[in-house]
Amino acid sequence: MSNDIYMEFILENYRNPKNYGVMDNPTVKKSGANPLCGDDITIYLKIENGKIQDIRFTGKGCAISQASASILTEMVKGKDLEYVKSLGENDLLSALGIELSPARLKCALLSYKVLKDALSGF
Amino acid sequence: MDVNKIREDFPILKRKINGKRAVYLDSTATSQKPRAVIDAIVNYYENFNANVHRGIYRLSEEATDLYEKSRENIGRFIGARSDSIVFVRNTTEALNLISYSYGRFLNEGDEILTTIMEHHSNIVPWQFLGRKGVKLVFTDINEDGTLNIDDFINKIGKRTKIVTVTHVSNVLGTINDVRELSKIAHDHGAIFIVDGAQSVPHMPVDVEKIGADFLAFSGHKMLGPMGIGVLYGKRDLLESMDPFMGGGEMISEVHTYGSTWADVPLKFEAGTPNVEGAVGLSAAVDYLRSIGMEEVRNHEKGLVSYSLERLGEINEINIYGPRDPEKRGGVISFNFRNIRSERISEHLRKEGIMIHPHDVATILDMDSVMVRSGHHCAQPLMERLNIPASSRASFYIYNDRDDVDSLFDALKKVRGVLKI
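Which chain is which? The protein sequence lines are A and B, in order. The numbering of the first sequence is this note's numbering, which starts it at 1 and goes up by one. The numbering of the second sequence is this note's numbering, which starts it at 1001 and goes up by one.
The set of hints was computed from the structure by calculation and includes no laboratory data. Since we're looking at a predicted model, the values are computed, not measured. Virtual Cβ for every residue (Gly too), placed ideally from N, Cα, C. Be aware that a few hints might be false.
Quick look at which bits of chain A chain B covers, simulated, 3 or more residues with Cβ under 8 Å [said to hold, decoys possible]:
1) 37-44
2) 69-80
3) 83-92
Simulated crosslink set (EDC-like; lysine to aspartate or glutamate; CA at most 16 Å straight-line) [to be verified]:
4) A:Lys29 <-> A:Asp54
5) B:Lys1069 <-> B:Glu1276
6) A:Lys85 <-> A:Asp117
7) A:Lys18 <-> B:Glu1346
8) B:Lys1419 <-> A:Asp4
9) B:Lys1327 <-> B:Glu1143
10) A:Lys46 <-> A:Asp80
11) B:Lys1419 <-> A:Asp54
12) A:Lys18 <-> A:Asp4
13) B:Lys1158 <-> B:Asp1236
14) A:Lys77 <-> A:Asp40
15) A:Lys60 <-> B:Glu1351
16) A:Lys79 <-> A:Glu48
17) A:Lys29 <-> A:Glu48
18) B:Lys1419 <-> A:Glu8
19) A:Lys60 <-> B:Glu1383
20) B:Lys1234 <-> B:Glu1276
21) B:Lys1419 <-> B:Glu1316
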């Protein structure tokens, strides 16, 4: 885990987020916010044959919340629902690879919470 | 005013953080404490601690005397008699007390007029009265962050029973003309409440001059300890009101099925009070008085003026609130907005991104520059400004131009750290 929360991997996902943008006709769309910071994320999913065929997100927020959303979408895109549902918070945090204070942990986990919420009916 | 000498009085400012001088720019959230306040609290516990208004023995009488002399001293600081000073935990508790105890006099259809720049503590307690059909009405602001007086006059009316306004906005820094607002409120038969959390610590405030029926403020924002605050109230109003909480200290007589209340102000001080807090706040008041509140205000005006100038040098920074230091307390909220760097992807660039205040605060902290970031307990105002959050630097007597320069230097690094 790196002490530098603004290491290149995070910044790259912040400046050039993967899977960013609106999706037409998603199977499910969910939004969530962290009112304390004003971060918000919307996740769009296309689910077919028990797989996440496509995923997109839009949102505004700090570098950590936006980078985390980008990294999460890459982790689950094309994967089986069963696998995605088995992912825990720590799987995302270790993918981020940075040490986070309790306040910033909420930023990092916002996208994870929205994704879990989106998948709750599946 | 000799800031270097003042800084010597604040033990915490000697602390180095990451080997650097601590640049504390969050006094709007809470102020640091001078040695005199810390000593007064220690002295109280080492020499005078006993429960007050109870014991017949000497120590208890001395503790009671200290507690009541503190009340007198703090009252004098705002031009009030001690019997109109109620000790509470903080501004929030003071406003809740009024909402609970005075709110009883309001009925369905009555209105409370406030402003869109209030702290949550001057919004949420009034929302409680919505249950009985009391309507909360918000006065808008002008583009420059000052209160829209025309809107205020349009919205006040026969139904308005309470007008409650912050003296100084904790986000915009706007100083409201409370004297004028008080006149308008009284002309309409409403009572006038002032949230003084950001004014009493920073400028001369006299309850008579500003025409306040109630004034609420917190000790910890004015060099005093946490957990002590003040509700000033006109005596006839306080007398007409029922107690806020029941228990010891606030009674005259208790029988099995009924009780009578102690006189104001003890009627509103149920349970063992925060004597340490009162003594500490009294010492804080002495300290501020020794500098002079006009001096404090002028010092902060100078720092605000200098900060507006320096922050104005950074193009992508948006500053909220009035540009005229005469109309503004020692608070500056800002955001990095509309960044259109080549290094961010095209779809983000189109809108121009705002660097989130949490990132700004984290990066400033690397240089031991401490600012607040977030919604500052003023979400309706954030919504009105159409921003999710902001960064905020605020000043007090121990800050100087070097602190502003450190803020400026650290802000210049933000885009570099994020590589945008």
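Outcome of the hint check:
1. Here the segment 37-44 of chain A counts 4 residues with a CB under 8 Å from a CB of chain B, which clears the bar of 3, and the coverage holds.
2. For the segment 69-80 of chain A, the stated coverage by chain B is violated: 0 residues have a C-beta nearer than 8 Å to a C-beta of that chain, whereas at least 3 were required.
3. A count of 0 residues in the segment 83-92 of chain A with a Cβ less than 8 Å from any Cβ of chain B is obtained; the coverage claim is therefore unmet, three being the minimum.
4. Among the hinted pairs, Lys29 (chain A) with Asp54 (chain A) is consistent with the structure: their alpha-carbon atoms are about 12 Å apart, no more than 16 Å.
5. In summary, the hint linking Lys1069 (chain B) to Glu1276 (chain B) is supported, as the alpha carbons are separated by about 13 Å, within the 16 Å threshold.
6. Under the criterion of a C-alpha separation no larger than 16 Å, the hint pairing Lys85 (chain A) with Asp117 (chain A) is consistent with the structure, at around 11 Å.
7. For the hint pairing Lys18 (chain A) with Glu1346 (chain B), the CA-to-CA distance comes to about 12 Å; that is within 16 Å, so the pair holds.
8. The suggested pairing of Lys1419 (chain B) with Asp4 (chain A) holds, with an alpha-carbon distance near 14 Å, which does not exceed 16 Å.
9. About 14 Å separates the Cα atoms of Lys1327 (chain B) and Glu1143 (chain B), which keeps this hinted pair within 16 Å; it holds.
10. Taken as a hint, the Lys46 (chain A) and Asp80 (chain A) pair is honoured in the structure, with Cα atoms around 12 Å apart against an allowance of 16 Å.
11. A hinted pair counts as satisfied when its Cα atoms are at most 16 Å apart, and Lys1419 (chain B) with Asp54 (chain A) does not qualify at roughly 29 Å.
12. The hinted pair formed by Lys18 (chain A) and Asp4 (chain A) fails the criterion: a straight-line CA distance of about 21 Å is larger than 16 Å.
13. This hinted pair does not check out: Lys1158 (chain B) and Asp1236 (chain B) have alpha carbons roughly 22 Å apart, beyond 16 Å.
14. A distance of roughly 21 Å separates the Cα atoms of Lys77 (chain A) and Asp40 (chain A); the hinted pair therefore is violated under the 16 Å criterion.
15. At most 16 Å may separate the alpha-carbon atoms for a hinted pair to count; Lys60 (chain A) and Glu1351 (chain B) meet this at roughly 11 Å.
16. Simply put, Lys79 (chain A) and Glu48 (chain A) have alpha-carbon atoms about 11 Å apart, close enough for the 16 Å limit, and the pair holds.
17. A distance of roughly 15 Å separates the Cα atoms of Lys29 (chain A) and Glu48 (chain A); the hinted pair therefore holds under the 16 Å criterion.
18. Taking the CA atoms of Lys1419 (chain B) and Glu8 (chain A), the gap is about 9 Å. The hint holds against a cut of 16 Å.
19. With a CA separation close to 15 Å, the supplied pair Lys60 (chain A) and Glu1383 (chain B) stays within the 16 Å bound.
20. For the hint linking Lys1234 (chain B) to Glu1276 (chain B), the alpha-carbon distance of about 26 Å lies beyond 16 Å, and the restraint is violated.
21. Taking the CA atoms of Lys1419 (chain B) and Glu1316 (chain B), the gap is near 15 Å; set against the 16 Å cutoff, the hint holds.
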